[in-house]
Structure formats: structure tokens, C-alpha cells
Amino acid sequence: MPDLSNLPYEQAIFYLVSALAVGCALAMILSKNAVHAALFMVANFGLVAVLYLLLRASFIATIQVIVYAGAIMVLFLFVIMMLNVQEADPRSSRGPQDRLFTLGSLAPLLGLGLLGALAYVALGVKQPAATSGGLVFANIQDVGALLFTRYLYPFEITSLLLLVAMIGAVVLAKRR
Amino acid sequence: MSEDILLIVIKVAVLIVILLTVVAYTVYVERRIMARMQSRIGPNRVGPFGLLQPLADILKLIFKEDLTPAGADKVTYFLAPALAAITGLAAFAVIPFGNTIDLFGIKVNLFIADINVGLLYLFAMSSLAVYGIVLAGWSSNNKYSLLGGVRSSAQMISYELPLGLALVSVVLAAGSLSLGDIVKAQANLWFIVQQPLSFVIYFICAIAETNRAPFDLPEAETELIAGYHTEYSSLKWALFFLAEYMAVITVSATAVTIFFGGWQGPFLPGWLWFVIKLSGFIFFFTWMRATLPRLRFDQLMRLGWKVLLPLAALNLVVIAGLVAAMGG
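Protein chains in written order, with the numbering used here: chain A, 853 to 1028; chain B, 759 to 1086.
Since the hints were made in silico from the structure, they are not lab data.
One or more hints might be untrue.
Said to hold, decoys possible - Derived Cβ-Cβ restraints for the label pairs, each shown as a range:
id, chain 1, residue 1, chain 2, residue 2, range
1, B, V951, A, L1024, 41 to 47 Å
2, A, T1010, B, Q1057, 33 to 39 Å
3, B, V951, A, L966, 51 to 57 Å
4, B, F1042, A, G976, 41 to 47 Å
5, A, L882, B, T826, 21 to 27 Å
Ideal placement from N, C-alpha and C gives every residue a C-beta, glycine not left out.
Bound conformation, chain A alone:
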């Protein structure tokens, strides 16, 4: 693998990929066709994986592609195709209008809250020390060691949570 620290125009690549990623995210929200939205999301995941590569985190980048683009989004697409979701137009929807209205008025509030939280985190981040060229950041050994030492309990609890969710899904599916 060519050493990425010598890659020319690294900044240019970073800005290009970031802009494309944001563009794909916007396109996902704005597209009316559910399958197209899912595809824009896949593209977004792929571009974020490129950003991880620029950070020399090749392991995280590959896992991003396998788990998000390869597994989760395929399942999403599967469900969308099976249910045959039609193009959604909220203006023409006939539903319990009152409830829809209260939920709709909540959305900007929630969005603002999320934006605030993001801004808080982004402003609070200390500029990390510049990574030296030889450092391989977040490779598989580092991730594994951290997961099984410092973050052992969160890791185990997450796996327990997933197991519970899986058993719950099986129970619910069996009952029907």
C-alpha cells in the first residue's frame, strides 16, 4: 500500500470528499424515492470511509463499508423493496392530521437541539496533536486491545443489548 502520508493534494482530497459526503447526505434527505434515498446513504457511507482512510484508519474504514454499506443498508433496501414504499408526499397524506401536526411542530425543535449538541461538542474538541507520519492510527490491534481492556464493560453490555434485541425480534415474529 502506498504510504498515504506522502499523498499529494491530501487537503484537496479531504475537502472534495467531505463536500461530496455532505451533498450525498442532503440528497438522501431531499429525495422522494425511498430507494434513491437509501442509495445516497450508501454513497455517503462510502465517502466517510474514504475520510477514515485519510486518517490512516484503514481498519475502521473497511469495517464502515462492511457493516454499514454492506450489511445494514442492504437490509434497509431489502425492507424498502419488500414493502414497495411509494414516493412519499406529506402534503397529500390523509392521516390523523392533528397528531401529525404536533409531531411536525416538534421536528424543528428536535433539529435545533441536535444542532446545538453538535456545536457544543465541536467547539469543545481540543485540536489533536498532529499525527506523525509513521503512526498507524486505529489499526486492528489497537482497536482490539482497547475494546477488551478499557472498554470491556461497555463492549459486553452492548453485545448483551444486541442479544436481547435479537431474542425480542424472534419472540415478536413468532407471536404473529
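Fit chain B to the supplied structure of chain A, relying on the hints for placement.
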């Protein structure tokens, strides 16, 4: 640095040309061998022994009319075959197909990129390959295509899990995800000898991943016409064909690299050993296609979830125990 990039670009271009040729002749060899197995003659009219048949087929495909169904989702319909072909070709980038050779005084490594997560990259490409098929099925606006696409995605998702578990057991024994390191770890003993069960699980899952017989349900003619590519014609159809045979070559090359010592072998140069082993696998794929009947869908799912997945998990636990016991 710039020379490095130039070398990589040349290697990529040469490899793509070689792979396309290999795909074309894999189809030819398969037709000839299957014909022999079924007491037929097979293509033998174009050129000596019919050797120019692939060329004739490609020319024919180029001049066919390129149809797009009226109700199709145009962009996705266009994108799907490209996605299938690109993921198929890109997967080959990490496979080491020979030792370092001297060419005009330059040392050339016979792989595109020996990245330290090579195996995961292969896995990522094969999981992305689902998109080509699913999107083709959905965008064609044809119920047989859709059923074929849905079937194939269910099949590929189901068989990816035992496939991954089988590969993890090899990674545990080799202690690395880099395919170059995995090949070197087999200098004395191939992993097929150490872990025969991992290989059997891997290979069954690999056949299912490539949608080949006896797991070729996504294109079961009697039920689904041609499955996900029913509506495709001309070069778009050729791209799906390319993707399918590329997948066969890639999983065979992966099996050679991970279980059969890669390019290593006595006397002959590395790349020749690689070609010999790879040819063996491609012959095996053909042999199976001519021999085995197609499974039913419920049989396929039962085999994947109730037999292969528990077996692969058990295999992983035993091998992890052995590796830990030997202080690996």
C-alpha cells in the same frame, strides 16, 4: 513517489486486461468441459478448437440492441451492472498472485496492494456486490427480476456470516489480516491441512455468494425466467456475466491464497503455481455445475442458518482454543 504511482497504474491496467481475458476464456473452457461431460461437442467452429468463440460472443453482444424497459428506474437501471462489474474487478486488487519478480531491472511485486486489512477488504467488496444484483432486480420494474434480486440478497446475506466465521479461524491461525502474511504463514503447511473444516465451510459459502450451481436460485429459469437480469440485454447483460465469472475467479483465488499456500510451490515460478491452482478451482466449479441439481430455496436457507452457521461458530471456538493453547 510519482514513479510508484505510475507503476501501480500500469499494474492495474495490465491486471484488468488479463482478468477480462481470463473471464472470456473461463466461459469458453466451461462450455467445452461441460459439453464433454454431457457427451456433447461444445463450441468448436470459430477458429482452431473454437478458440476465437469468446471474441465472437463479445462482438455479438456489442451489436445487440440495448433495451431499457419503459417502467424502469433509468439511473438505477444503468448503475446496477456497472456496480456489479466494478466490485467484481476491484476485489482482485489485494490478491497476491506471485512472488516479487525482476522486470527490466525493476522489482515488481505481483499484487496491486498488500494492505494490512486485505481480507476485510475482500469481504467488503463481496458484501457490496449484493447491490448490483438487488438494484438490477428492483429497477427493471419486472416481478421476476424483483423476486430474483430479493432471493439473491437473502442468499448472500445468509451465507456471508458462516463465510466470515470460517475466514476468521484462518486469521486467528495466521495472526494477520494481510493476504501477503497469510500466504507466508503457509510456507511449511497449507491451511487446508490444518483447518479442513474451515475450508469446506468457506467453499460452500463461496459458491452461494457467487450464485453458482447448485446455489443458482436467483436465476432459476423454471421459476424466475433469468432472475435479476431478465430485462437486461447487450453490454449491460455482458457486465453481469462478467461480474458472475469475476466472482468465481475471485473466490477461487481467495481459496488458493488462504487455504492452498497462495503462489508458493517448488521449482516453478510463483505466478505459474497460482495459475495452476486457480485453474483447478475453476475446473471444480464447472464440474459441480454439470453434476449437481439446484437446491430448493427452503433447503438453501436451512443449510445456511441451521447447519453452516453453527458449524462455523463451533469451528471458530475450537480453533481459537487451539491457538490459545499453543500460545499463538
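Lying within 41 to 47 Å: is that true of the beta-carbon distance F1042/B to G976/A? 58 Å, violated
Does the Cβ pair V951/B, L966/A satisfy 51 to 57 Å? At roughly 55 Å between Cβ atoms, L966/A and V951/B fall inside 51 to 57 Å, so the hint holds.
With respect to the beta-carbon atoms only, verify the hint that L882/A and T826/B lie 21 to 27 Å apart. Check passed, 25 Å falls within 21 to 27 Å.
Please check whether T1010/A and Q1057/B have a Cβ separation lying inside 33 to 39 Å. The hinted range 33 to 39 Å holds for T1010/A and Q1057/B, with Cβ atoms some 35 Å apart.
V951/B versus L1024/A beta-carbon gap, inside 41 to 47 Å or not: 46 Å, holds
Hint 4 from the earlier list is the only one contradicted by this structure; the remaining hints agree with it.
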